[in-house]
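**Q** Quick note, the sequences are listed as chains B and V, same order. Numbered per the working numbering, the first sequence finishes at 785, counting up by one with no gaps. Numbered per the working numbering, the second sequence finishes at 785, counting up by one with no gaps.
Don't take each hint at face value.
Note: identical chains are not told apart, hence a pair may lie in one copy or across any two.
Derived lysine to any residue pairs resembling SDA-like cross-links, with alpha carbons at most 25 Å apart [unchecked claim]:
| no. | residue 1 | residue 2 |
| --- | --- | --- |
| 1 | 604 | 707 |
| 2 | 604 | 706 |
| 3 | 604 | 711 |
| 4 | 604 | 712 |
| 5 | 604 | 535 |
| 6 | 604 | 519 |
| 7 | 604 | 713 |
Because the hints were derived from the structure by calculation, they are not lab data. These numbers come from a predicted model, not from an experiment.
Number of protein chains: 2
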Amino acid sequence: MITGWRHPARLVVLAFLAATAAGTALLMLPMSAESGRMTGFMDALFTAASGISGTGLAVVDTGSHWSTFGEVVLLVLWQVGGFGIMTLTSVLALLVSHKLGLHLQLTVKTETNTLNLGQVRAVVAGVVAISLVVEAVGAVVLALRFWLGYGEPFGRALYSGVFHSVSSFNSVGLALYPDSLVRYATDPWVCLPIVVVAVLGGLGFPVLFELLRRRRRKRWSLHTRITVPVYLGLMAFGTLVVLVVEWGRAGTLGPFGFGDKVLVGLFHGVMFGTAGFNTVDVAQLQPATMLAGDVLMFIGGGSAGTTGGIKVTTFALLAYVLLAEVRAEPSVHVMGRRISAEVQRQAVTVALLGVGVVMAATLVLLATSSFRLDDVLFETTAAFGGVGLSSGITADLSVTGQLVVIVLMFIGRVGPITLVSALALRERRRRYELPEERPIVG
Amino acid sequence: MITGWRHPARLVVLAFLAATAAGTALLMLPMSAESGRMTGFMDALFTAASGISGTGLAVVDTGSHWSTFGEVVLLVLWQVGGFGIMTLTSVLALLVSHKLGLHLQLTVKTETNTLNLGQVRAVVAGVVAISLVVEAVGAVVLALRFWLGYGEPFGRALYSGVFHSVSSFNSVGLALYPDSLVRYATDPWVCLPIVVVAVLGGLGFPVLFELLRRRRRKRWSLHTRITVPVYLGLMAFGTLVVLVVEWGRAGTLGPFGFGDKVLVGLFHGVMFGTAGFNTVDVAQLQPATMLAGDVLMFIGGGSAGTTGGIKVTTFALLAYVLLAEVRAEPSVHVMGRRISAEVQRQAVTVALLGVGVVMAATLVLLATSSFRLDDVLFETTAAFGGVGLSSGITADLSVTGQLVVIVLMFIGRVGPITLVSALALRERRRRYELPEERPIVG
Ligand SMILES: [K+]
Ligand SMILES: [K+]
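Given only the sequences and the hints, what does the whole structure look like? Please build it.
**A** Take a look at the structure:
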C-alpha cells in the first residue's frame with residue numbers, strides 16, 4: 344500500500360521536472376548533435392521540455408541537428424513522457440473518480456487517498472502494453488511503406504517507421520524531415536497510419552482500455568461515450584474548416600487534386616487535436632484556418648492521453664452546462680447521467696484557467712516580440728495543447744519568449760488533470776453559510 | 344398593472360429592431376447627408392444599428408458624410424438607444440432580481456412576471472433624469488472649453504459639447520472629427536470630462552442610482568460593490584498595458600511628454616471599456632495593446648449601462664467561482680454574500696455564449712476577408728462590447744462582413760441580459776433525477 348500519499352499531484356509535477364532536467368543534460372552532450380559539438384542550454388532545454396510534454400515545437404531542425412544518438416534520446420524522452428503522462432494521469436483520475444469503468448478490480452479508497460500498489464502496476468502494465476502494441480503496428484506499416492514504396496534500405500525504413508510511429512502515438516509530431524511530412528502529403532499509406540496512431544494516443548488510456556475490453560457501446564462509461572464522438576466531431580470540424588478555407592489557396596490545398604485535397608484536409612483536421620505533423624506549409628495557412636486550429640489545439644484530446652489542452656470532456660461538459668441552462672433544466676444531464684455541480688465547477692475552472700494562462704502568455708509574447716496575433720496565438724495554443732504546429736516563429740522567439748512557451752507546454756500537459764485532482768482530493772472545510780444575494784448578470 | 348407579460352425579453356429585442364429600422368429610413372433620406380444625396384441602404388443600416396446599440400463603429404465619416412439634420416438623427420438614435428437599453432435592461436433586471444437595492448419601493452412579483460406600471464415609470468424617470476443631468480454637465484464643460492480654449496463660436500461650441508457629451512454617456516464614441524479626438528489628445532479639459540461622462544454611462548443605471556442615494560459604501564448592494572472596483576480595476580489594467588507597451592512607440596505614445604503619455608494612456612485604458620473614442624491612431628497600436636483591448640471590450644461595462652459585452656459582474660463572478668474552486672470552498676462567497684449555483688451557471692452561460700458568438704463571427708470575417716486576426720478580433724470584440732474602436736477595417740468589410748458586425752453589435756448590447764432574464768423568468772420543469780456519473784475532467 345502507498346499510504347499518506349496526500350498530494351499525488353506533486354509527484355506528476357516533480358516527475359516531469361526531473362525528466363526534463365535529465366533530457367536537457369543528455370541533449371547537451373556533444374554526441375547528441377550531428378555536428379559533434381555541445382548544444383546550447385536553451386536549445387537543449389526547449390527540446391527536452393517539448394519532447395517530455397509531447398508538444399513537438401522545435402527550435403532546431405530534428406533530422407539535421409541531432410545525431411542518431413540524439414534522436415534516440417528524443418525517442419526515449421517522448422516514450423517516457425507518453426508512458427509517464429498516461430500512467431500518472433490515469434492514476435490521478437482513478438483517485439478522483441471512484442469508478443472509471445476500467446474493470447481493473449480497483450477499489451480505490453479516496454477517503455485515505457491511497458491506491459493499492461497492484462492497481463498502479465495494472466495501470467502501468469496496461470499503458471505500456473497498449474502503447475507498445477499500437478506503436479509497433481504503426482511502425483511496421485510505415486516501415487513497409489518506406490521500404491517497399493520508396494525503396495529505402497530496410498534498416499533505415501524500420502528506424503523511420505519506429506521514429507514516426509512513436510512520434511505519432513505520443514502526440515509529439517516531430518518528423519525526421521525539415522518540412523515535417525510535406526513530402527508524403529498525397530500518400531495515404533503514410534498519412535492514414537499516422538492519423539490512426541495519433542488518434543489512438545490522443546483518445547487517452549482510459550478510453551483505449553475500455554474500447555479493448557467492451558465491444559458493446561451501451562456498456563461504455565460516460566467518459567468514453569463523451570470522449571469518442573466529441574473528439575471525432577472536433578476533428579470533423581477541423582477538416583471541414585481546412586477544406587472550405589484552403590480549397591483553392593495556392594500555398595496550401597490549391598495545387599492538389601480532389602482526393603488529395605480531402606486527404607490533406609483530413610490529416611490537418613486531425614493533427615490540430617493530436618500530434619501536429621503537417622503536410623502543407625503551416626506558415627501558408629489562412630488566418631481563419633489558424634483560428635479554428637487555435638480552438639482545437641486549446642481543447643486538445645482525451646483525458647489521460649498524450650495530448651495537452653483542457654481536454655475533450657472539459658469542453659463537452661461546458662457545452663452541456665450551457666445547453667442545460669438554455670433549456671432551463673435544473674440539473675445537467677449527459678446521455679442519461681447526471682453531472683454533479685462539483686464536476687461542472689471543475690470543468691469551468693480548468694477552462695477559465697486555460698484561457699487565462701494562454702491569454703497571459705500571448706500578451707507577454709506579443710509585448711516581447713514583433714510578431715502578430717495570428718502567429719503568436721497559434722504558438723501559445725499549440726504549446727498549451729501539446730501540438731507541434733507552428734507558423735515558424737518558435738526559433739525566433741527571445742529567451743523570455745521560449746521560457747514562456749516551455750512553461751505553457753508544461754502547464755498544458757500536466758496542468759488540468761493535476762489541478763482537478765489536487766482540488767478534488769483536498770478536504771473541504773465546512774464554512775458557515777452567508778446570506779445569498781444576487782448581482783445582475785449580463 | 345402590466346399582466347401576462349410573459350416574455351419581456353422579447354420586447355427588448357423588438358424595440359431595438361424597430362428603432363434600427365426607423366433610424367435606417369431616416370438616415371437614407373437625402374437631407375440626412377451633407378451631399379444632399381440618398382445614403383445607401385447598407386451604410387444607413389450599419390450607422391443606425393451602430394448608433395442604436397451605442398457601438399460607434401462607422402462605415403462613413405460622421406462629420407463629413409452627415410448633414411446637421413443627419414447628425415441630429417444620430418444624436419436622437421444614440422439617446423433613444425441609451426434610454427432604451429438602460430430602461431429595458433433595468434426593468435428586466437428588476438424582474439429577475441427580487442431586490443436590486445434600488446429603493447424604488449419596488450415589490451416585484453416574479454411569480455407572475457408582472458411589474459407595476461408605476462415602477463416602470465420610476466425607472467424611466469430615473470434613467471432620463473440621470474442621463475440628462477450627466478450629459479448636460481458634460482456638455483457645458485466641453486462647450487466652455489471649445490468656446491474659451493479654442494475660440495469656437497458659442498453656438499458651434501455648444502453643439503459640439505452636446506454632441507460629444509451625448510456620444511460619451513451613451514458609450515457611442517463617435518466624434519465630429521475624422522480622426523476622432525486625436526487633436527485633443529493632450530488637452531485634459533476635453534479628455535477628462537469625456538472620461539468621466541463615459542465611465543458614468545458605463546457603470547449602468549442601477550449603480551448610478553444607488554451611488555446617488557446612498558453615500559455609505561457599507562450599505563451598497565452586492566451588485567454595486569462588485570461593479571465599481573472591478574470596472575475601475577479593468578480600466579487600470581488597460582491603462583497600464585497601454586503605457587507599458589506603447590510608451591516609446593513612434594506611432595502612438597512616443598511623441599508625447601511624460602504627463603501627456605499618462606493622459607493618453609488613461610484615456611485609452613478607459614475607452615476600451617466605455618465609449619471608444621481615440622486620441623491616438625488605433626491602427627498604430629501594438630498587437631499586445633490590441634489583445635488587452637480585445638479582452639476589455641469583450642467584458643464591457645456595468646449591467647444595465649450603455650456598453651455592451653458580457654458585463655463586469657459576469658466577469659467578476661467567474662473569477663470568484665474560480666477562486667472558490669481553487670480554495671476548495673463548497674460555496675461561492677463574494678464580499679460576505681453567497682452566490683447561488685443558479686447565478687453562477689448564468690454567468691458561465693453568458694460568458695460561453697459570448698466567446699462562441701465572437702469566435703464564430705471572427706472565423707466568418709477571417710474567411711470572407713483578407714484581414715489578419717489582430718484587426719478582425721479587435722473589430723468583433725469592439726462590436727460585441729459596443730466599443731467604437733477599429734483599426735480601420737470596418738468600411739472595407741464585405742456586405743456579409745458588415746452584416747456579421749451588425750448582428751454582433753445587436754447581440755452584444757441586448758444579448759446577455761435578455762438571455763439571462765429569459766432564462767431566469769422561465770418556469771423550470773421538474774425532471775426525474777438520473778444517476779450521477781463522473782467523467783474525467785482535465
Ligand atoms: K504534439
Ligand atoms: K461605443
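**Q** With identical chains treated as interchangeable, where does the CA-CA distance between residue 604 and residue 706 reach 25 Å or less: within a copy, between copies, both, or neither?
**A** between (35 Å within a copy, 21 Å between copies)
**Q** I want to check one pair: residue 604 and residue 707. Are their C-alpha atoms no more than 25 Å apart within a copy, between two copies, both, or neither?
**A** Classified as between; 21 Å across copies, 37 Å inside a copy.
**Q** Using 25 Å as the alpha carbon limit, work out where residue 604 and residue 711 are close: within a copy, between copies, both or neither.
**A** between (37 Å within a copy, 20 Å between copies)
**Q** Measure nothing new, just compare the shortest in-copy and cross-copy C-alpha distances for residue 604 and residue 519 to 25 Å and report within, between, both or neither.
**A** within (24 Å within a copy, 51 Å between copies)
**Q** With 25 Å as the alpha-carbon cut-off, assign the pair residue 604 and residue 712 to within, between, both or neither.
**A** For residue 604 and residue 712, the Cα distance is within 25 Å only across copies (22 Å; inside one copy 35 Å).
**Q** Quick one: residue 604 to residue 713, C-alpha cut-off 25 Å, is that within a copy, between copies, both, or neither?
**A** This pair counts as between: shortest inter-copy Cα distance 22 Å, intra-copy 33 Å.
**Q** Is the C-alpha distance from residue 604 to residue 535 at most 25 Å within one copy, between copies, in both cases, or in neither?
**A** Classified as within; 14 Å inside a copy, 57 Å across copies.
Of the numbered hints listed earlier, not one is contradicted by the structure.
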